[in-house]
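Chains as they are written, first to last, in the numbering used here: chain A, 7 to 560; chain B, 1456 to 1762.
Source of the hints: derived by calculation from the structure; they are not laboratory data.
Hints are supplied without guarantee of correctness; some may be wrong.
What the hints assert, rightly or not - Computed beta-carbon distance windows for the label pairs:
#1 E161/A - F1480/B: 31 to 37 Å
#2 F1480/B - G92/A: 19 to 25 Å
#3 S1552/B - D365/A: 51 to 57 Å
#4 A413/A - L1471/B: 52 to 58 Å
#5 S1514/B - E296/A: 53 to 59 Å
#6 T52/A - R1463/B: 40 to 46 Å
#7 F1480/B - D138/A: 26 to 32 Å
The beta-carbon is built from N, C-alpha and C at its ideal position, and this holds for glycine as well.
Now for the letters of each chain:
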Amino acid sequence: MKKKLVAALLVAAMALSLTACGGGGKGSSGGGGGADAQQYNTYLATEPSTLDTIKGNDMYGWEINKNTLEPLTRLVEKDGKQEREGAGAESWEPNEDGTVWTFKLRDNKWSDGQAVTAADYAYGITRTLDPDAGSPNSFFTAPFIKNGQKVVNGEVGVEELGVKAVDDKTLEITLEAPTPYFMSITDTRACYPVRQDIAEKYGETYGSELESLIFNGPFKVDSWTHNSEITLVKNDQYWDKDNVKLDKVNFAIVTDSNARYNSFESGALDTSSVGEQEWVDRFDKKEGVERVDTHQPAMRFDFFNVNDELFKNLNIRKAFTLAVDREDMAKTIYQDLHVPAYWWVPQAISTGENGEYRDQVPGPLEKMAKEEDPKELLLKGMEELGLGSDPSTINVKYSLSATTQWARNYGEYVQQKYKEILGVNIELDFNEWSTFQQKTNGGEYQMANMVWTTDYDDPMSMISLFTTENAGNIPTNWSNEKFDELIAQASREMDETKRVELYGQAEQVLFEEGCNICPLVNERKISFHYDYVKNLNERETSTSGLKYVYIEKK
Amino acid sequence: MAKFIVKRIGYMLVTLFIVVTATFFLMHSIPGDPLAHMARNLPEQTRENYYEKYGLDKSTSEQYLIFMKNLVTKGDLGESLRYPGREVTDTLLTNASVSAQPGGLALLAGIAIGILLGIVAALNKNRWPDYIVMFIAILGITVPVFVLASVLQYFLSVKLMVLPTTGWGSWQNVVLPVIVLSFGTIATYARYVKSNMLDVMGQDYILTAEAKGVSKLNVVKKHVLKNAFLPCMTLLVGQVSGIFTGSFVVEKIFGIPGLGFYYINSINDRDYTMIIGTTVFAAALFVFVQLVVDIAYSIMDPRIRVK
Chain A
7 MKKKLVAALL VAAMALSLTA CGGGGKGSSG GGGGADAQQY NTYLATEPST
57 LDTIKGNDMY GWEINKNTLE PLTRLVEKDG KQEREGAGAE SWEPNEDGTV
107 WTFKLRDNKW SDGQAVTAAD YAYGITRTLD PDAGSPNSFF TAPFIKNGQK
157 VVNGEVGVEE LGVKAVDDKT LEITLEAPTP YFMSITDTRA CYPVRQDIAE
207 KYGETYGSEL ESLIFNGPFK VDSWTHNSEI TLVKNDQYWD KDNVKLDKVN
257 FAIVTDSNAR YNSFESGALD TSSVGEQEWV DRFDKKEGVE RVDTHQPAMR
307 FDFFNVNDEL FKNLNIRKAF TLAVDREDMA KTIYQDLHVP AYWWVPQAIS
357 TGENGEYRDQ VPGPLEKMAK EEDPKELLLK GMEELGLGSD PSTINVKYSL
407 SATTQWARNY GEYVQQKYKE ILGVNIELDF NEWSTFQQKT NGGEYQMANM
457 VWTTDYDDPM SMISLFTTEN AGNIPTNWSN EKFDELIAQA SREMDETKRV
507 ELYGQAEQVL FEEGCNICPL VNERKISFHY DYVKNLNERE TSTSGLKYVY
557 IEKK
Chain B
1456 MAKFIVKRIG YMLVTLFIVV TATFFLMHSI PGDPLAHMAR NLPEQTRENY
1506 YEKYGLDKST SEQYLIFMKN LVTKGDLGES LRYPGREVTD TLLTNASVSA
1556 QPGGLALLAG IAIGILLGIV AALNKNRWPD YIVMFIAILG ITVPVFVLAS
1606 VLQYFLSVKL MVLPTTGWGS WQNVVLPVIV LSFGTIATYA RYVKSNMLDV
1656 MGQDYILTAE AKGVSKLNVV KKHVLKNAFL PCMTLLVGQV SGIFTGSFVV
1706 EKIFGIPGLG FYYINSINDR DYTMIIGTTV FAAALFVFVQ LVVDIAYSIM
1756 DPRIRVK
């Protein structure tokens, strides 16, 4: 009797697990649709804070915005090159001195059937700068658009802003000064269209729930389960819908990276970026997947407080910058996931038609590292400061913005390396991000470690961070007239080649006369996707989203 | 009894008031602000406009008064700073109801299996069933949930592909979280029930019952179990409130949109309104469940009738 019961239970259990199999996990590739179902299963690592382009500032919301709203232009990949393509705008034209840009919009519709007008773009741009909106994105456009900064500061009203909807199809933007790279800003969130009637109807709740959203991009949001999943479906009101292949996109919100790798391995996700070498090795061996290495427009770097007793000396800063063995760091610490960086403007940033900036201008530190000896520089600096000639008397506090085990290992590595190469003592100071921010902004640090990602696709986004005017961004307290002048010149220079030259000179000055930053590695993203997913963007700065992606299963 | 309940509710309100006030000032005393989650230094003016919009430019005591006024007069916990446009109250209720599903099932399963194992162990003291149960109990307490969760996920979802890895919405999504979450409960109850039963079985009244000639089964049923379960109710207070507040780790691994996420992340994000909301929620649940348990105690056990 007993045996029979056990057998029956076993059969029941097997039957149950079989049904579970047939049901398949929701969205698993085995279960869903036919061979050529145009469905792409991807993920977001975190729930977007909001889908409102005015209030939203994280990359997760941006990922959804890019696919569901139509910016004026998009940076599109074609045959391995990037091209700026008209999106919401059909054509655009600057006036003679490059201060007034006129955009002709194409016929496009919102998902409720209303026509997209120039007023929608004008409202989006204006509202982002309106101090009442408290938008974290105002810095994108404030320096460029006429009266932008004054509007943000509350000095003049929004009606003074250089943005005008001339008629339904014509948008006119007046700039403070000629801005050669202005087009690179037209696809940032600060220039996205916003429907005034909808935004005002929902007020504060606009963008927080699906009901309050409206779309005019290649896709529209179909469902949004907070912290779980966002699904998009193709937008049949979209002007270029014939070129949109995917019918459905699932963004699973998976915060745990191991869970994400497991989901990719099991086929529930079609793609995953991978941050650990052991998983990279594993997926490298997996069949039917493709690996894409993308240089990120992001830098990991140390920065020095130029007001500090020790780091006020240029030779000391240079010594600390040149003492870093970047190749070894990339290998030991990052297992070659990231690239050793001898520059400040990261790879992946391009300058109009000339292509990637880093292909045109070599990293300034490369040459310096070969020519100068860090130990000598240190001793020279110590002499200038009257600190004697014994490096072991130098104690430096190194502030980190994390308290994780990884940060501790990293800190120990830095400590050991500086001891080895310069003979100085490093004291580690681990902080939570908020505390770190407060300390560094308040100038209560000597040397600190941070990551910076570019805001828009032009070297200006990175290099202009060190002008006297922008000094608050990375608080090194460094200021240099020559540098400021070069940046001012570059910001007016309409000729691409000449501008790149000016950037190059500015970067040179930054390291020769400043060295207030010590670049370490250029970030790189390694991601895998199943080979039936075609046409995924391979460059981080592209803004076409999933518009041209399609599925091709054998 | 009515007087007792009214008095206890009064105490509850005082407790909650203290919790809210303490949390409010404590969280404002940690460095950083809600803009920090943007992981980027924003220009000064951009910050100022943001602070002004959300009233963060006011002094802490001023902010406290505004917050208390809204809470007392409107029952309004405010809007999340991290997720603009979302009411804290809505977020709490929606996510707590999600957490409660795997949490509740796991608690029921955990208690049922745990008690059963505890009884088996107690009745077979120092014999093999006891050893097996205690072995399971030790495993359950010592193996961290994230290890168990990852292992189960790997074998059942990736290797055997019988269950989905992550997600929410179908019954398959609940299976692994329930197993993982109930493991600890099973262990706790097995041990607790066993030791309580052994304790009760050594009491004089059990000897009396046996001397009267009551059968072993009836002794266990009528005397041992009832008395051994009473202390277990204390354990229940934390666990019942725990099912609504969710488990950060388990929810993260299985992608369950529960409340656990907010307990940890609201603090990291300095999402002030959400920190207060989650704290008040947990505190209120805890004191409420405690009240219910105290009432139940006084009904079931005449020895500790509260005066």
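Hints and how they fare:
Look at E161/A against F1480/B: about 36 Å separates their beta carbons, and that is inside 31 to 37 Å. With their beta carbons about 54 Å apart, F1480/B and G92/A fall outside the hinted range of 19 to 25 Å. The hinted window of 51 to 57 Å between S1552/B and D365/A holds, with their beta carbons roughly 54 Å apart. Taking 52 to 58 Å as the suggested C-beta distance range, the pair A413/A and L1471/B does not conform, at roughly 37 Å.
In this structure, S1514/B and E296/A meet the distance hint of 53 to 59 Å, their C-beta atoms being roughly 56 Å apart. Between T52/A and R1463/B, the C-beta spacing of about 41 Å keeps the proposed range 40 to 46 Å intact. Look at F1480/B against D138/A: about 29 Å separates their beta carbons, and that is inside 26 to 32 Å.
Of the numbered hints listed earlier, those contradicted by the structure are 2, 4.
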